[in-house]
Structure formats: C-alpha cells, structure tokens
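Student: Each chain, written out:
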Amino acid sequence: MSIGVGTVGKNQRKLSSSEINCMHVLVALRLVPDTAEEFELTADNKDIDREWIGFKLNEFDDHALEEAVVLKEKHGAKVTAVALQGEGIDRLLQTALARGADNVAKIAHDMPPPVPAPAAARLFAAAAKSIECDLILTGVQTGEDLFGQLAPSLGAVLDWPQVSAVSSTKVDDGAVIVQQEYSGGFTATHSVRMPAILGIQTASAPPRYVSGSKLREAMSAKVQSLKLDVELPLTVSEILAVGFPESAGRAEMVGGEADVVADRLAEFLRERGFVNG
Amino acid sequence: MPGVLVYVEHRDGKVLPITYELLGAARSIATTGFGELMCCAFDADPGTLVEQLDGADRIMLIRHPALSPYNPEAHAIALQSVVQSCSPDVLLLAYSSVGLDLGSVVAIRMSLPFVGYCTALQVANGALDAASQLHGGKLVAKTRTPLPAIASVVPGSFDENAGKIEGRGEVIDIAAPEALTALRIHFISASAPDTNQIDLTKCERIVCVGRGIGGADKIAIANDLAASLDAEIAGSRPVIDAGWLPKMRQVGKSGQKVKPKLYIAAGVSGAPEHLEGMKGADCIVAINSDAKAPIFEVAHIGTTCDLFELLPALNERIRKS
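Chain order of the listed sequences is A and B. So in the numbering used here, spot 112 of the first sequence is number 112, and the numbers just go up one at a time. So in the numbering used here, spot 316 of the second sequence is number 316, and the numbers just go up one at a time.
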C-alpha cells in the first residue's frame, strides 16, 4: 500500500478524459456509536460512555464507500479510504480494502471522540492535499454532527464545490454529475466541476456484501498512518449536558405473547373503525 | 441593529413550511428584546416570495439568474454576502438538504460556531442555548454557544403560524456578489416525485416497514396485512436504500410527508427524519423490539412483540372480521 504525496491547489483544473481514467477518489469514513445498543452516560453527563459500547461504520459513509467503488468500476478511478485514527479504525479500513478500496490510511490526531466537523474537516482536507485527489466522498451526516457536517465543512476549508444529500453520481469530462435529493421526493441534477466534495446520502447500488475469505485476506494489510501538520480550530460551543429525551408516554404499550398482542391490536383497530365487526 | 436572520427555503415560487417554523423560532428570540427579525431570499425573481414573508421585519433579497433553481454554491455565496452585510447575532437554517449544504459552509468561511439538529432555542446573556437531537433521537444535547452563531432547526420543532405574523415586511435589495458569475456547480434539471403509480400523501392507511423487517423477502408478511386493511405498503429510508421497496414508497425526510388516518410502523425505530414524515398521522400503531425506540413517543399504541410472529397473527384476526 502506498500513498502518493503531492499537492492540490485551490484553483480549479479541468481534467482531460485521459486523466479521468486515473481519477483519484478519497472516501472519508467515520465510526459512530451503534444506536441499536443501550447507551449509558458518562459521570459528568456530557457524553455517552464510549468505553463499552459498540461502534459501526456510519451508514451514510457506507454508501459513500460503495459509490466510490461504483465510480471506480465505471470510470477506472483509484479509491483511497481514510479515517481519523481511533479504536477499531484499522479494522474498518481493512474492511474498506476488502470492499474495493485500493489504498487506505488513518490520520493521526490527538482529539477525543467525537471530533467536531470543523476540526475533522481540517484533518481530512490536509489528507486530501497530501494524496492529491480529485473527488472526496463522505456520508451526508452522522448522528453526532452537533457542530457541523463534514462534507460542507471540507468544501469551505478546501474551497472546492460541495453538494450534500447526493444519491447518484457519474463522471463527465472533468465534472461529476450528481443527483441531489430534497424533502418530499424532489430531486435536482447538478454538474459539479472537480475537484469536488459530495455528501452521499444513498449510493447508486446498495452497499455490497464482502465474502469472509476476502475479508480475512484484507485483515493482514497494514494500515499506514498519515501525520499531518494541521492547526485545529477551538470549539467555542459548550456541551452543558447530554441526556435521554423525556418520554411523552403517549403509546399504550401492549405486552405478552404474539396472540395476546394481536388480540389487543385487532380490538384497537376495531374500536377506531379501521376493521369491521 | 443586529438580530436574527432566517434563510428562506422555497420551491417553484412558494415559501416552504419550514421557513415559517424558522421565522416563528426567530420571532420567539426577537421578542425577548433581542433585535430584529430578518430573512433572506435568493432567486432570479424573488418578487412572489416577498408577499409570503410578512412575518419578517426586514426581507433581504438577492436577485441573480444563478440563484434559481437552487444551486448549493450560488446560495452559499449569497448567504455569506447577506451575513457579512447585516451581521446577525443568530442565523437560522432548516435541517434539510439545503440547510446541510449551506450552514457549515458559511460557518467555516466566516469563522462562526454552528449548532445542528436543534429542537429548542433560546438567547440569554450573549449566548445561544440550544437543545439538539443526537444519535437518531436517542439522546438530547444541551449546548451553549457564544454569539454570533448559526443553528439548524429540525422541522416540526416550532409553530409555523408564529412565523406568519407581526413583521414589518420592509424589503432591502442587496447587490448580487460577483462570484455568482464564476460558479463551479451548474444546475441541469429537476424532477418531482412520480405520483402516477402511488401517491402516499393521499393514502388513508399505510403499513410502513423499517430496517427491522430484515430483508426484501420478509416484506410479504407486511404486504399481507396491508392488503387486509386496504392499506398501502411503505418503507423507511434504510428499506428503500437497500432496494427492498421502490423510492416512491419512502416515508420520511427524503421521501414523502404523509398524514394518513392509520399508520402502522413495523420494525421502524423512529429516527427524527422518519418522524418528520409521519408524526401527523391520526392514529399510529408501532411494533419495534426496542422499548426505548423514539417511534413509541408518537405512537398511540405499541408493542415490542416479535413482528414476524405478530403480523401474521394480527392479519389472521383482521381477515376474519
């Protein structure tokens, strides 16, 4: 595994069609707490206790990785997956290799998780410059983006065009043609000149299944660490407290075996006039 | 005089409901003796928008062909220009695709702090106090951010009606920034949802399956129940993304906002993005294995019973009726 070293300037450059064939896509991946798990709070009530909970790949990043591999298959791109250093990151990046990434690297830093988007963007931006990429894909959001989203933050730091909530991509003569999704099922298609950043909501295809043997093979790969000279911004917002939402307790909860619950739900639907009899 | 600035979201000449929520939220801050309520609208021809924005004291307009239809780069440039010209204490945007595009960009370019996923806002002692939903609504974070600050607001958190009254409606034209002539993003086309085959927004009864259904082959049991109830089948985002149901059947933020008489959610946890699309249903039945799932906060009746056992049992009883 090797990471090319070079720089990408702020100015736009139009890629020729031969360059598109070796387009370099960087995918920024993040591990997030698995919301299927029971959360506990830290003693100071300012975060969840991250010591014992499980983490998983942010689901939108999963789609971003898939879209990068789809682009590689369609256009012959090179894909490098990067993540901020932390527990479980080597395994995450090895899985990305098994999924079709060509290179992986973790970015060294000394911030406690979760790294706020403005700081994460500076770290990923420095990585993007050092590996000379044309396109950055990442998930449109995570469930813990309290202080901003990564994709637009990267757009501002690098001064590259950025589109959030993207659901499909294709490359066309130095630009990436993207579909952006809005509420209510409305969409728009934009042409975005590269280098560019996309916040992926849904990949063109569901994230692929990776066979056990491919995964085992990737687990032996060594993950390179990128040490970058980055000045990180201070977070001026203060977290006063984190807690569980107060329950409005609206729902009548029905317990018991399936037959007992089915009886009560059928009765409920009858009372409300949705079922005759 | 500084105050609160709202970014106006609109489509096809109509101001979107979330904008009125933002104006309502801004008004609640402004009436605590905290400056003016300003809003900014960007369009090639914003005239029709002005008459819909009576709730604001000042309406800042930028006219330029590049601003319509919506273009993420053009609107970020315009918004930055307005923020520079009126220096608001608080800028409010929606938690929407457009808000995601713009909020963090303007925050970083102008070195302003940003707080996302807000459901409650208050300004006191020179700071913005916010409550934000985290981890799909499983947690609430309370934060304090020094002013000036940018916040994005979860739709459904504030009263739309409060954003339609009280404003002076003074219109101020702001010169279009030169950068709008040198964009790297170009709009190509737009499409509206295909409602020819199915329009969930008009359905009276919906059975919606979530990630908990586990696979495309399992949707048949929910389909059977839907058929017995004369309901339409729908899915939450993970179900649509996995290709188990077509996009036109998606309920939630990136799908349809529905208001049926009956909504049965099976295996749906109820992330804020899903609740945004269905919490207005008259009657909500929720089936989910996690007793702490947010869907139970909006449901009228719920159970943690195994849905693979429950749905066939319930269907049997309904068919007999």
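The set of hints was computed from the structure by calculation and includes no laboratory data. Fair warning: this is a prediction, and the values are worked out from it, not measured in the lab. Any given hint might turn out to be false.
Within a straight-line C-alpha distance of at most 30 Å, the following computed DSS-like cross-link-like pairs (lysine-lysine) qualify [unchecked claim]:
1) A/K56 x A/K214
2) A/K222 x A/K74
3) A/K56 x B/K247
4) A/K56 x B/K292
5) A/K56 x B/K142
6) A/K56 x B/K218
7) B/K247 x A/K72
8) B/K164 x B/K261
9) B/K142 x A/K74
10) B/K218 x B/K279
11) B/K320 x B/K142
12) B/K142 x A/K214
13) B/K292 x A/K170
14) B/K164 x B/K257
15) A/K78 x A/K222
16) A/K46 x B/K292
17) B/K218 x B/K202
18) B/K247 x B/K142
19) B/K247 x B/K279
20) B/K218 x B/K164
21) B/K279 x A/K56
22) B/K261 x A/K46
Student: Decide, hint by hint, whether the structure agrees.
Tutor: Hints, one by one, checked against the model:
1. A/K56 x A/K214: holds, 19 Å
2. A/K222 x A/K74: holds, 28 Å
3. A/K56 x B/K247: holds, 25 Å
4. A/K56 x B/K292: holds, 20 Å
5. A/K56 x B/K142: holds, 25 Å
6. A/K56 x B/K218: holds, 24 Å
7. B/K247 x A/K72: holds, 25 Å
8. B/K164 x B/K261: Judged against 30 Å, a Cα distance of about 28 Å means the pair holds.
9. B/K142 x A/K74: violated, 45 Å
10. B/K218 x B/K279: holds, 25 Å
11. B/K320 x B/K142: violated, 50 Å
12. B/K142 x A/K214: violated, 44 Å
13. B/K292 x A/K170: violated, 41 Å
14. B/K164 x B/K257: holds, 22 Å
15. A/K78 x A/K222: Holds - the C-alpha atoms of A/K222 and A/K78 are around 19 Å apart, at most 30 Å.
16. A/K46 x B/K292: Holds - the C-alpha atoms of B/K292 and A/K46 are around 20 Å apart, at most 30 Å.
17. B/K218 x B/K202: holds, 26 Å
18. B/K247 x B/K142: Violated, because 35 Å separates the two Cα atoms, which is more than 30 Å.
19. B/K247 x B/K279: The hint holds at about 20 Å.
20. B/K218 x B/K164: Violated, because 46 Å separates the two Cα atoms, which is more than 30 Å.
21. B/K279 x A/K56: holds, 28 Å
22. B/K261 x A/K46: violated, 40 Å
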